[in-house]
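Protein chains in written order, with our numbering: chain D, 2 to 369; chain P, 2 to 369.
Rather than coming from a laboratory, the hints here were simulated on the basis of the structure.
Here the structure is a predicted model, which means the values were calculated and not measured.
Errors might be hidden in some of the hints.
Identical copies look the same in the list; a pair holds intra-copy or inter-copy alike.
To be verified - Think about it this way: if two alpha-carbon atoms lie no more than 25 Å apart in a straight line, the pair counts; the simulated DSS-like pairs of lysine-lysine are:
| id | residue 1 | residue 2 |
| --- | --- | --- |
| 1 | Lys22 | Lys54 |
| 2 | Lys214 | Lys186 |
| 3 | Lys325 | Lys356 |
| 4 | Lys365 | Lys288 |
| 5 | Lys261 | Lys288 |
| 6 | Lys22 | Lys325 |
| 7 | Lys288 | Lys91 |
| 8 | Lys356 | Lys186 |
Protein chains: 2
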Amino acid sequence: MNTFEITYLVTLLEGEDINEKVESICLEQSVELPRALLDGHAKEEIVGETVYKEKRREGEYEVVIAWPIANLGGEVTQFINVLYGNISLKPGIRITGTDWTELSDLLNGPAVGMKEVRSRYQLSDRPLSATALKPVGSTSAELADYCYQFACGGIDIIKDDHGLANQVNAPFLERLNACVKAVDKAAEKTGDRSYYYPNITATPERTVERYRKAAEAGADGVLLCPHISGLPTMHLLAQMEINLPIIAHPAFSGQLTTHKTKGFTPSYLYGQLWRAFGADYVIYPNKGGRFTLDTDECQSINRAARTVDLPFKTSFPMPGGGIKLSNVDHWIAEYGLDTTFLIGSSLYEHPEGIKQAVQKLRAKLMTS
Amino acid sequence: MNTFEITYLVTLLEGEDINEKVESICLEQSVELPRALLDGHAKEEIVGETVYKEKRREGEYEVVIAWPIANLGGEVTQFINVLYGNISLKPGIRITGTDWTELSDLLNGPAVGMKEVRSRYQLSDRPLSATALKPVGSTSAELADYCYQFACGGIDIIKDDHGLANQVNAPFLERLNACVKAVDKAAEKTGDRSYYYPNITATPERTVERYRKAAEAGADGVLLCPHISGLPTMHLLAQMEINLPIIAHPAFSGQLTTHKTKGFTPSYLYGQLWRAFGADYVIYPNKGGRFTLDTDECQSINRAARTVDLPFKTSFPMPGGGIKLSNVDHWIAEYGLDTTFLIGSSLYEHPEGIKQAVQKLRAKLMTS
Numbered sequence: 002m003n004t005f006e007i008t009y010l011v012t013l014l015e016g017e018d019i020n021e022k023v024e025s026i027c028l029e030q031s032v033e034l035p036r037a038l039l040d041g042h043a044k045e046e047i048v049g050e051t052v053y054k055e056k057r058r059e060g061e062y063e064v065v066i067a068w069p070i071a072n073l074g075g076e077v078t079q080f081i082n083v084l085y086g087n088i089s090l091k092p093g094i095r096i097t098g099t100d101w102t103e104l105s106d107l108l109n110g111p112a113v114g115m116k117e118v119r120s121r122y123q124l125s126d127r128p129l130s131a132t133a134l135k136p137v138g139s140t141s142a143e144l145a146d147y148c149y150q151f152a153c154g155g156i157d158i159i160k161d162d163h164g165l166a167n168q169v170n171a172p173f174l175e176r177l178n179a180c181v182k183a184v185d186k187a188a189e190k191t192g193d194r195s196y197y198y199p200n201i202t203a204t205p206e207r208t209v210e211r212y213r214k215a216a217e218a219g220a221d222g223v224l225l226c227p228h229i230s231g232l233p234t235m236h237l238l239a240q241m242e243i244n245l246p247i248i249a250h251p252a253f254s255g256q257l258t259t260h261k262t263k264g265f266t267p268s269y270l271y272g273q274l275w276r277a278f279g280a281d282y283v284i285y286p287n288k289g290g291r292f293t294l295d296t297d298e299c300q301s302i303n304r305a306a307r308t309v310d311l312p313f314k315t316s317f318p319m320p321g322g323g324i325k326l327s328n329v330d331h332w333i334a335e336y337g338l339d340t341t342f343l344i345g346s347s348l349y350e351h352p353e354g355i356k357q358a359v360q361k362l363r364a365k366l367m368t369s
Numbered sequence: 002m003n004t005f006e007i008t009y010l011v012t013l014l015e016g017e018d019i020n021e022k023v024e025s026i027c028l029e030q031s032v033e034l035p036r037a038l039l040d041g042h043a044k045e046e047i048v049g050e051t052v053y054k055e056k057r058r059e060g061e062y063e064v065v066i067a068w069p070i071a072n073l074g075g076e077v078t079q080f081i082n083v084l085y086g087n088i089s090l091k092p093g094i095r096i097t098g099t100d101w102t103e104l105s106d107l108l109n110g111p112a113v114g115m116k117e118v119r120s121r122y123q124l125s126d127r128p129l130s131a132t133a134l135k136p137v138g139s140t141s142a143e144l145a146d147y148c149y150q151f152a153c154g155g156i157d158i159i160k161d162d163h164g165l166a167n168q169v170n171a172p173f174l175e176r177l178n179a180c181v182k183a184v185d186k187a188a189e190k191t192g193d194r195s196y197y198y199p200n201i202t203a204t205p206e207r208t209v210e211r212y213r214k215a216a217e218a219g220a221d222g223v224l225l226c227p228h229i230s231g232l233p234t235m236h237l238l239a240q241m242e243i244n245l246p247i248i249a250h251p252a253f254s255g256q257l258t259t260h261k262t263k264g265f266t267p268s269y270l271y272g273q274l275w276r277a278f279g280a281d282y283v284i285y286p287n288k289g290g291r292f293t294l295d296t297d298e299c300q301s302i303n304r305a306a307r308t309v310d311l312p313f314k315t316s317f318p319m320p321g322g323g324i325k326l327s328n329v330d331h332w333i334a335e336y337g338l339d340t341t342f343l344i345g346s347s348l349y350e351h352p353e354g355i356k357q358a359v360q361k362l363r364a365k366l367m368t369s
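One chain only, chain D, in its complex shape (with noise of 0.2 Å):
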């Protein structure tokens, strides 16, 4: 019988017993009943295996259960069922790993990856830059000067905001349009490419018509909050044969690895469920920025992005929060050259204007 892996950080609360504990996750996410009432081997079979169990310190424990493939019946949102399905209610349950290699005829990952990005916009041996237009509420013909700013100084990537969706002041295709041509002539201009990246994160069927849309107009990948939107609809983007890159947003996200003992680990959302569904870029919260992971996750986010031990393209980390022109040096030393680093307000904020924030900043990444 083929199965696949999970690993969970188990912790107890007082009185509660390591072999029940793991047991009551072994039924709770296959069978749902007591197994005295299963009757007979072909439901026995669908129940997790406990396959590797080893005490961390008191109270907490590594454990790897296996769970029978064909308990999925083929489908992604059934894989999302098993991994935390009801088990998300209860305590003292973490997901720190799966072993993807029996679900990759399920779970495709990147269909671009970093390996291709860095080849289609020929950026190979250097961190790329990347960066947010914004404010909601701007007219489309606002970011699209911001757009122009931002690529004749010489970014990278140009992303929308997250909540720049399809509001009367920027509708999506009229700003999709403004955007493509903001790069268009910086191009024309400069003779080098930013690459622009319209926010889709709609309802489903909206998320996939504007994928289209972005690919006919010329856009060069595309910005998904898949929490919003879905992690179903990455992976069905993915799967699209258009190829566009997808930058993957941690928006409402944030309760899943939140908690220590519960949820999943940040580098397990970000690094290996996120890649697993199809994201080519992950953002997740920097070290120092406005929001609150550590840089042992960071790092380990940073990793499982790039691991090559995965049966997927690789995936680029995008540190988001904390880096600026004046610290993206420390960054880039910690962090690698398999980066892209996204940095938003301190160059619209810089007293030389965007354009000269930028050239600066694009020094750096070329001599790093």
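Given the coordinates of chain D, work out where chain P should sit on it, guided by the hints.
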């Protein structure tokens, strides 16, 4: 300017200032730029505005912020983003309420609702009973046989276990048809009808297709995990004019309510948000079951699902977990008649068999 209001419980970390923290929410969930960078009136208008702030205890405040409707651009996904996008990554912010009045053009609530369910099924003035078909791994014939036994006993609602998807043993269409036939056959025999709700949790496009198939096959409603298929997908189903009632299941939602100073209160998530997004029944983890809400939280969910103060049809609260034949009287007294009680394992394991167990359950509901 039209606005809608969200209520927050804001908890301060050591050294945080309430005014700065509230200002940061107002900016983070709109422009994502420092206020000093907003050039002119139009953009200032986009920022959230604090309309109420009251200290509840040391370091804890109730805060109401008004947001421009225009920021949503008419999209439910952008509502989710303004509600809890980036602030999901920050500590000490919990959503406790929304004034839905101004949002009732965007969010439409249940298509059917509690009243019409009662009228369709001609079941007034008593609580409803529901059970789950399981386990995963059974064949369609085995599940249909359980279905028949439950229906002969006189249960009101038979829903698929939320792990039954499209597995080889019981593919969706085969299971659907077999179970609809089973309840029909039981109805011919007993003169009373039970109502079958297949699980349609899948990728968004398949969920929509299965919703149609369920209606065509004569199912009475459907089961959906909105945090797996996506909240926007549930909202879409409720607008499709198929009008099969939707039971919403909490798989993968647990992290959103688990932290006392982050995420959503259980009554907000299960009672308000799910209702706004179209759930006709809201399953929540009952006190005393395998999961962990307390009585007050359960009662708050019941109130939020049923209150006529929201601009939506009412939803049926559907507590699951810890409810047995032996204690259902207690729960009826506690939660009242406008409740659908979800009872699973204790019916399967009853020594006299499923049919007898359900007959006893039915007798209790009829006299309550």
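Outcome of the hint check:
no. : hint            : in the structure
1   : Lys22 / Lys54   : within (12 Å within a copy, 43 Å between copies)
2   : Lys214 / Lys186 : within (20 Å within a copy, 50 Å between copies)
3   : Lys325 / Lys356 : within (15 Å within a copy, 68 Å between copies)
4   : Lys365 / Lys288 : within (21 Å within a copy, 57 Å between copies)
5   : Lys261 / Lys288 : both (17 Å within a copy, 24 Å between copies)
6   : Lys22 / Lys325  : between (46 Å within a copy, 22 Å between copies)
7   : Lys288 / Lys91  : between (29 Å within a copy, 12 Å between copies)
8   : Lys356 / Lys186 : within (15 Å within a copy, 74 Å between copies)
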